[in-house]
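Chemist: Chains V, C, U, P, D and B: place on chain Y using the hints.
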Amino acid sequence: MSTVSVKIQPLGDRVVVKAIAREAVTKSGIVLPDTAKEKPQEGEVVAAGSGKVLDNGKRTTLEVQVGQKVLFAKYAGTEVKLDGEEYLILRESDILGIIE
Amino acid sequence: MSTVSVKIQPLGDRVVVKAIAREAVTKSGIVLPDTAKEKPQEGEVVAAGSGKVLDNGKRTTLEVQVGQKVLFAKYAGTEVKLDGEEYLILRESDILGIIE
Amino acid sequence: MSTVSVKIQPLGDRVVVKAIAREAVTKSGIVLPDTAKEKPQEGEVVAAGSGKVLDNGKRTTLEVQVGQKVLFAKYAGTEVKLDGEEYLILRESDILGIIE
Amino acid sequence: MSTVSVKIQPLGDRVVVKAIAREAVTKSGIVLPDTAKEKPQEGEVVAAGSGKVLDNGKRTTLEVQVGQKVLFAKYAGTEVKLDGEEYLILRESDILGIIE
Amino acid sequence: MSTVSVKIQPLGDRVVVKAIAREAVTKSGIVLPDTAKEKPQEGEVVAAGSGKVLDNGKRTTLEVQVGQKVLFAKYAGTEVKLDGEEYLILRESDILGIIE
Amino acid sequence: MSTVSVKIQPLGDRVVVKAIAREAVTKSGIVLPDTAKEKPQEGEVVAAGSGKVLDNGKRTTLEVQVGQKVLFAKYAGTEVKLDGEEYLILRESDILGIIE
Amino acid sequence: MSTVSVKIQPLGDRVVVKAIAREAVTKSGIVLPDTAKEKPQEGEVVAAGSGKVLDNGKRTTLEVQVGQKVLFAKYAGTEVKLDGEEYLILRESDILGIIE
Numbered sequence: 001m002s003t004v005s006v007k008i009q010p011l012g013d014r015v016v017v018k019a020i021a022r023e024a025v026t027k028s029g030i031v032l033p034d035t036a037k038e039k040p041q042e043g044e045v046v047a048a049g050s051g052k053v054l055d056n057g058k059r060t061t062l063e064v065q066v067g068q069k070v071l072f073a074k075y076a077g078t079e080v081k082l083d084g085e086e087y088l089i090l091r092e093s094d095i096l097g098i099i100e
Numbered sequence: 001m002s003t004v005s006v007k008i009q010p011l012g013d014r015v016v017v018k019a020i021a022r023e024a025v026t027k028s029g030i031v032l033p034d035t036a037k038e039k040p041q042e043g044e045v046v047a048a049g050s051g052k053v054l055d056n057g058k059r060t061t062l063e064v065q066v067g068q069k070v071l072f073a074k075y076a077g078t079e080v081k082l083d084g085e086e087y088l089i090l091r092e093s094d095i096l097g098i099i100e
Numbered sequence: 001m002s003t004v005s006v007k008i009q010p011l012g013d014r015v016v017v018k019a020i021a022r023e024a025v026t027k028s029g030i031v032l033p034d035t036a037k038e039k040p041q042e043g044e045v046v047a048a049g050s051g052k053v054l055d056n057g058k059r060t061t062l063e064v065q066v067g068q069k070v071l072f073a074k075y076a077g078t079e080v081k082l083d084g085e086e087y088l089i090l091r092e093s094d095i096l097g098i099i100e
Numbered sequence: 001m002s003t004v005s006v007k008i009q010p011l012g013d014r015v016v017v018k019a020i021a022r023e024a025v026t027k028s029g030i031v032l033p034d035t036a037k038e039k040p041q042e043g044e045v046v047a048a049g050s051g052k053v054l055d056n057g058k059r060t061t062l063e064v065q066v067g068q069k070v071l072f073a074k075y076a077g078t079e080v081k082l083d084g085e086e087y088l089i090l091r092e093s094d095i096l097g098i099i100e
Numbered sequence: 001m002s003t004v005s006v007k008i009q010p011l012g013d014r015v016v017v018k019a020i021a022r023e024a025v026t027k028s029g030i031v032l033p034d035t036a037k038e039k040p041q042e043g044e045v046v047a048a049g050s051g052k053v054l055d056n057g058k059r060t061t062l063e064v065q066v067g068q069k070v071l072f073a074k075y076a077g078t079e080v081k082l083d084g085e086e087y088l089i090l091r092e093s094d095i096l097g098i099i100e
Numbered sequence: 001m002s003t004v005s006v007k008i009q010p011l012g013d014r015v016v017v018k019a020i021a022r023e024a025v026t027k028s029g030i031v032l033p034d035t036a037k038e039k040p041q042e043g044e045v046v047a048a049g050s051g052k053v054l055d056n057g058k059r060t061t062l063e064v065q066v067g068q069k070v071l072f073a074k075y076a077g078t079e080v081k082l083d084g085e086e087y088l089i090l091r092e093s094d095i096l097g098i099i100e
Numbered sequence: 001m002s003t004v005s006v007k008i009q010p011l012g013d014r015v016v017v018k019a020i021a022r023e024a025v026t027k028s029g030i031v032l033p034d035t036a037k038e039k040p041q042e043g044e045v046v047a048a049g050s051g052k053v054l055d056n057g058k059r060t061t062l063e064v065q066v067g068q069k070v071l072f073a074k075y076a077g078t079e080v081k082l083d084g085e086e087y088l089i090l091r092e093s094d095i096l097g098i099i100e
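Residue numbers (full-length UniProt numbering), protein chains in the order written: chain Y, 1 to 100; chain V, 1 to 100; chain C, 1 to 100; chain U, 1 to 100; chain P, 1 to 100; chain D, 1 to 100; chain B, 1 to 100.
The shape of chain Y in the complex, shown without the other chains (with noise of 0.2 Å):
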């Protein structure tokens, strides 16, 4: 999936993610609880933003990088369709954490 030419180069602290299906999560051992709670998904980083600009003019370095899994918040973003497949643009902060 790493070898989609993502056409995207999000802004800021965004970062462009491919959702991995529910079926794909529950073979790499993350299987999502079924309960009230905001439940997180599986992604795979394709792109990510040059970083926040912070109060004192310089830009944080993002966490996550290009080719990473992460898990994120199910309903953060903003969906778009490149090339007839399906991204998440989130920002970092959505992210929970990399699965590694």
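Keep in mind that the hints were calculated from the coordinates and are not lab data. Just so it is clear, the structure is predicted and the values come from calculations on it, not from any experiment. Cβ atoms here follow ideal geometry from the backbone N, Cα and C, with glycine treated the same way. All the pointers check out, no bait thrown in.
No farther apart than 27 Å at their CA atoms in a straight line, the calculated lysine-lysine pairs in the BS3-like style are these:
1. U:LYS7 - U:LYS69
2. C:LYS74 - C:LYS18
3. U:LYS52 - P:LYS74
4. P:LYS52 - D:LYS58
5. B:LYS81 - Y:LYS74
Computed Cβ-Cβ distance ranges for the label pairs, DEER-style:
6. D:ARG59 - C:GLN65: 42 to 48 Å
7. U:ARG59 - P:LYS74: 26 to 32 Å
8. D:TYR75 - U:GLY67: 43 to 49 Å
9. C:LYS81 - Y:GLN65: 55 to 61 Å
10. C:LYS81 - D:ARG59: 53 to 59 Å
11. B:GLY84 - Y:GLY84: 32 to 38 Å
12. B:TYR75 - Y:ARG59: 31 to 37 Å
13. D:SER93 - Y:LYS58: 29 to 35 Å
14. U:GLU86 - P:ASN56: 38 to 44 Å
15. B:ASP55 - V:GLN65: 24 to 30 Å
16. Y:GLY51 - U:GLY57: 28 to 34 Å
17. P:THR61 - U:GLY67: 24 to 30 Å
18. C:SER93 - Y:GLU86: 34 to 40 Å
19. D:TYR75 - P:ASN56: 28 to 34 Å
Modeler: Relative to chain Y, chains V, C, U, P, D and B alone:
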């Protein structure tokens, strides 16, 4: 479209964007999904502000530049008509990414 | 209109604007679209404040200057009458752009 | 009116203002428009605080000074009576401009 | 009243105030107007905190001092009884001004 | 009560407080008034956090220390039971003052 | 439990916590009171983020470390399942204290 002489100089972190119609979007390979989520729209930056003033008194440099194609939230910004053409004045934070 | 001796010195990041009537707007080539979105209005800056105080104690310099034509959100600001003429006191952040 | 010995020293970025009645307002050439918008009111500054403490620990200097006539939002501030006269204690940010 | 040994040391930007009854208020020349606006109340500062911690780690010095008479918003703060006397613990920002 | 070996180390600007029952409060001279206002409660600090991290990366030093009696808002904080005794975990900002 | 190889690296000021069931809580001496107040829950930190980025661009060091037992608000965070085990991803600010 970049040959249009834009007559509005946006203030601060605002940009003037010429929205691209849905048909054009489909041609360029970006298809907006048909869900209940906020749908982004494609456009071209025709004017950019001089940046936001930070707490230390300096201005940020905008990430987007005139001529770039951008994705932005559909209901963001303020519409204006200029010489018969419709434009949008957006804050840079409403722009999700640059389409390359 | 710039020959009107304005008697109000706006504080901080405020400006005094003389709104231009809808007819004038059409003549100068700006036509406000007829949608449900917030419609901007055109006006001329007749007085400008000395800037907003930042956290470091310094004042920002306003981007707009007396004599410039500006676009601003229609329901922004406070109306005042001065020698029989109506003016608006706006914050600079309510000004979308300068019409060149 | 500036000869009234004011007995309240306002704190921080507050000022004590003696509101001017509607009749006086009309005489000085300021007529408040009769619309649904927030209507400003005219008054004279009779006491001013020592300024707001910034994040760097310094105080801002207030822009308004005792003796100046100011415009402020009608429902701003707190009313007090002092020796039978009504005054308003306002924050400087509620003051729209100085009438010159 | 300043001879009461106060047993509460307020934290941060808080002060302990002994409210003065309405009758006393009238004698000292301050009459609270009978309107729908928030009505301030008069009191004497009997203890003051060591100041608020700023972002740079330093403490502000409170503007009010023990022994001063102050005006404060009527419904601000928390009531406590101390040796049978009622007091109010207020933040300095709830104090409108010092009565001189 | 200060001889109880507390097993919780509160984080940041939090403190662990052992609330003192109403009867004890009356004996020590503090009587909580019976009004509609928020009523403070008395307690003893049995553990204190290492302070809040400021924007400059340094930690504040807490004003309250283990062993001090404090007043705090009645509904503030989170209750925990430790070896059969009830405690409250509060932020220092919920503490109104130190009873001396 | 600390021998579980955790596969999620939490971002920023987040930690991954393995909640401890109510029965275990009772054994370790912490009994959660049965009131209407927010009830904390006990757990063990199995992974910790690299800290929150401050306004000056530096990261805070988290106070909690892998292996520590912590108290946290019951409805805080996001649940995930990892190799059949349930975990919680929390922000450090949701952790009330470290159980020693």
